[in-house]
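Engineer: Chains as they are written, first to last, in numbering that gives the first Met the number 0: chain A, 0 to 262; chain B, 0 to 464.
Calculated directly from the structure, the hints in this document are not laboratory data.
Please note: incorrect hints may appear among the correct ones.
[What the hints assert, rightly or not] Quick list of the computed label-pair ranges, beta carbon to beta carbon: (1) A/Ala139 to B/Ser296: 22 to 30 Å; (2) A/Asp133 to B/Pro434: 23 to 31 Å; (3) A/Asp148 to B/Gln249: 25 to 33 Å; (4) B/Pro434 to A/Gln201: 41 to 49 Å; (5) B/Ile370 to A/Asp172: 30 to 38 Å.
[Stated by the list, open to error] Counterexamples of contact, computed for chain B against chain A with all Cβ distances above 10 Å: (6) Thr58; (7) Ser94; (8) Thr358; (9) Ser432.
[As the list claims (entries may be wrong)] Derived coverage of chain A by chain B (criterion: at least 3 residues anywhere in the stretch with Cβ under 8 Å from a Cβ of chain B; other residues may be distant): (10) 56-62; (11) 91-98; (12) 239-252.
In this text, a Cβ means the ideal position worked out from N, Cα and C, and glycines have one as well.
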Amino acid sequence: MRNILVHFTMFLAGLLWATAPARAQLSPPQLGYIKDTSAALRPVYGIPAAAFLGDPATDAVNAFACTAKLCLAKTDTALLRFSTSDPASAIRTEAPAGAAVIAVANGTTDGAWIYFDGTQQFAHWQAGTWSGIDYSPSGAVLSLRATADGFDYAVVRDPTSGSAWIEHYSTADGSVTVLDSVDTTGSVLLLDSGVLYAADGQLILRRADRTQLTFPLADVAALDVAGKGYVEIEAAGGLWILTTVPGFEQLAMLPGTPNGGGR
Amino acid sequence: MKTRAIAFLFAALCMAPVAANAQITLATLVGTVQTPVTTFYNYPAIAPNATLDVTFVATNTSTTPTAITKLALSGIGFLIVNTSTLPIVIEPGKSITFFVRFTGGPVGTYQANLQVNSAIIGLQGSVVQAATLSVASPCTGPDASGAISFGRVPQTQTATCTFTVANPYTQALLVAPITLTGSAFKTVQASSASIPAGQSLTFTVIFTATAATAYSGSLTVGVQTFSLSGTGFLNPLPAPTLSFGATSLQSGKQYGLTAILPSPASTTVNGTIVMSFTPASSAVKDDTAVQFFAASSRVLPFTVAQESTALLFNGQSSAGFATGTTAGTITFKLDAGAVGFSGNAVATWTIDAAPVSLTAATANRGSTSLILSITGLDNTYSMGPMTFTFFDRNGKQLGSTISADFTPDFQAFYRGQNGGVIATGSAFQLILSFPATGDLTTVGSMNVQITNVAGVTSASSIGFP
Numbered sequence: 000m001r002n003i004l005v006h007f008t009m010f011l012a013g014l015l016w017a018t019a020p021a022r023a024q025l026s027p028p029q030l031g032y033i034k035d036t037s038a039a040l041r042p043v044y045g046i047p048a049a050a051f052l053g054d055p056a057t058d059a060v061n062a063f064a065c066t067a068k069l070c071l072a073k074t075d076t077a078l079l080r081f082s083t084s085d086p087a088s089a090i091r092t093e094a095p096a097g098a099a100v101i102a103v104a105n106g107t108t109d110g111a112w113i114y115f116d117g118t119q120q121f122a123h124w125q126a127g128t129w130s131g132i133d134y135s136p137s138g139a140v141l142s143l144r145a146t147a148d149g150f151d152y153a154v155v156r157d158p159t160s161g162s163a164w165i166e167h168y169s170t171a172d173g174s175v176t177v178l179d180s181v182d183t184t185g186s187v188l189l190l191d192s193g194v195l196y197a198a199d200g201q202l203i204l205r206r207a208d209r210t211q212l213t214f215p216l217a218d219v220a221a222l223d224v225a226g227k228g229y230v231e232i233e234a235a236g237g238l239w240i241l242t243t244v245p246g247f248e249q250l251a252m253l254p255g256t257p258n259g260g261g262r
Numbered sequence: 000m001k002t003r004a005i006a007f008l009f010a011a012l013c014m015a016p017v018a019a020n021a022q023i024t025l026a027t028l029v030g031t032v033q034t035p036v037t038t039f040y041n042y043p044a045i046a047p048n049a050t051l052d053v054t055f056v057a058t059n060t061s062t063t064p065t066a067i068t069k070l071a072l073s074g075i076g077f078l079i080v081n082t083s084t085l086p087i088v089i090e091p092g093k094s095i096t097f098f099v100r101f102t103g104g105p106v107g108t109y110q111a112n113l114q115v116n117s118a119i120i121g122l123q124g125s126v127v128q129a130a131t132l133s134v135a136s137p138c139t140g141p142d143a144s145g146a147i148s149f150g151r152v153p154q155t156q157t158a159t160c161t162f163t164v165a166n167p168y169t170q171a172l173l174v175a176p177i178t179l180t181g182s183a184f185k186t187v188q189a190s191s192a193s194i195p196a197g198q199s200l201t202f203t204v205i206f207t208a209t210a211a212t213a214y215s216g217s218l219t220v221g222v223q224t225f226s227l228s229g230t231g232f233l234n235p236l237p238a239p240t241l242s243f244g245a246t247s248l249q250s251g252k253q254y255g256l257t258a259i260l261p262s263p264a265s266t267t268v269n270g271t272i273v274m275s276f277t278p279a280s281s282a283v284k285d286d287t288a289v290q291f292f293a294a295s296s297r298v299l300p301f302t303v304a305q306e307s308t309a310l311l312f313n314g315q316s317s318a319g320f321a322t323g324t325t326a327g328t329i330t331f332k333l334d335a336g337a338v339g340f341s342g343n344a345v346a347t348w349t350i351d352a353a354p355v356s357l358t359a360a361t362a363n364r365g366s367t368s369l370i371l372s373i374t375g376l377d378n379t380y381s382m383g384p385m386t387f388t389f390f391d392r393n394g395k396q397l398g399s400t401i402s403a404d405f406t407p408d409f410q411a412f413y414r415g416q417n418g419g420v421i422a423t424g425s426a427f428q429l430i431l432s433f434p435a436t437g438d439l440t441t442v443g444s445m446n447v448q449i450t451n452v453a454g455v456t457s458a459s460s461i462g463f464p
């Protein structure tokens, strides 16, 4: 990383006035972390269409979620929390066996929400420990999203219904509110500004304002938050990375995936 | 014609036994098989003007060296060839070989005596009426040694030749046997035929090259035996047409490479495709992001099935490749191994220098600063000048546009990333923090312009959340 100081003089029409050096950091891009085909969690560098995978930070991962600064990963019996810039400093916490769904808060705190499939239990993770909450929805929980007063989750209550419900759980009063639904029972990923889901051979990115983008991609098996603005997609044709930053949406295949085939 | 050796007794020409020369024994040699000859050897019949060589082996069966001091022929129609200068000393248990050629002549019977030291062997040969053989294209021959070639034939293909057996005599000629050996050669011709005077017989022989290898056989026509040969080979693939689904390549993109043959492959072929990259800028030596996804490599195997025109890469009809983040030229070269290509199986495409390409741009507010994060690539490695314009939530510009030149910083950044081969090419992430005071929530969006040698890139309406 290269730090640069540039002197700006800013005159902002009476609303603000500032004159100070601007701090700039110039570095190779790190898009986040992805789970590779051998279930190892590896950093991704570069840009989506010309990405490089770094050395594994940990292996035997069955779920994970990353922000720009931290990752929380679930192995069979533990949670691992590490800084994206220093994966060697991982903090390990025992956790219920089995798969999980993870959502890391994108704020200044490093809190996260977790759903343990094995115990069908929601939990809040903070500072290296987790604590369960007394709420369990019926159905299969597909995704979580941290919010200011709790979390949103996508759940399929009836596999024959063809839809997944997006609901909100408030930690303030324990209330549950139905927010939305998507027409799929496949992979769903709740994003800060929308929802990404797979349906009918397509990957659909639906924004909060209901606008949506579609990407042709068949046989999506898993969606994970690789980093801020990036989602890893596991599909039959290989591993992909989707840029979700508004205006820069792009689907690209990750290197080293099983086959370089088309979508 | 193929040499044959058949020994039998010929009582009329019985000579004295080789008692005085018991240390030397004689035999004929065909292949690796020796057949003892004691008093007489009868050559197979040959056609007029043909010759027939027979190999004789003289072996010293004693325990002491023995010299051959006499090796001679008397008679008509035979000739000793390739002999060494006499005397020839043969060590105990060792042998020497020499050849006796039956040169024949007009139709008739020929006799001669072969003398080896004191041993005398009677030789007899016959010249009989024989048909003449000719072959039509694509076959060639027979040459002086009786060789007929079917030439080179693509694997799995056939070559059919017409053989003509003519009777040059004034009376009918029975040609027997007519036989073919060699599994690659087939004919429906009967095993014998009577050809009227001055007439001819035609038949076809089909050579099938089931594999890419050399084949041999023989055709016997009466007293004449002709060798047959043919070679199967893998037909070179026609050079494929390579395409990538667009008219031009751009940096920071992924494409699917397809390769289509102009005509179906005559056989299944496995090969490799190799891509290489030459940067346009001397500032870098390579861009390792230029690669095929499948193997994270610049080499990928391909297969094209028999009767197919599409090359398959790991079973897929296209090979995904990345163009990296550097301007330059990408070359794809196909290698079909021993089969090869009949044309130029190479494609070279240029990735032009382009303005900076942004892959993400976000803006955020800190407590005392406005923070811009941009990620992108500059395939010219020349970026630097930038401008920033802020807008309020109603889209009204706040203050004047700010300019800054980051050229030295980017040059230093790229040098630091380089070291010969850049890991992430020209990809960069620039996070700019603009210290500010006041109510930062009034700032709604910002525009950014970035300049490099290829032009100006604008990112408009980067919204603050």
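Engineer: Next step is simple, just say for each hint if it's right about the structure.
Structural biologist: Cross-check of the supplied hints:
no., hint, result
1, A/Ala139 to B/Ser296: 22 to 30 Å, "violated (39 Å)"
2, A/Asp133 to B/Pro434: 23 to 31 Å, "violated (46 Å)"
3, A/Asp148 to B/Gln249: 25 to 33 Å, "violated (45 Å)"
4, B/Pro434 to A/Gln201: 41 to 49 Å, "holds (44 Å)"
5, B/Ile370 to A/Asp172: 30 to 38 Å, "holds (34 Å)"
6, Thr58, "holds (68 Å)"
7, Ser94, "holds (65 Å)"
8, Thr358, "violated (5 Å)"
9, Ser432, "violated (4 Å)"
10, 56-62, "violated (count 0)"
11, 91-98, "violated (count 0)"
12, 239-252, "holds (count 8)"
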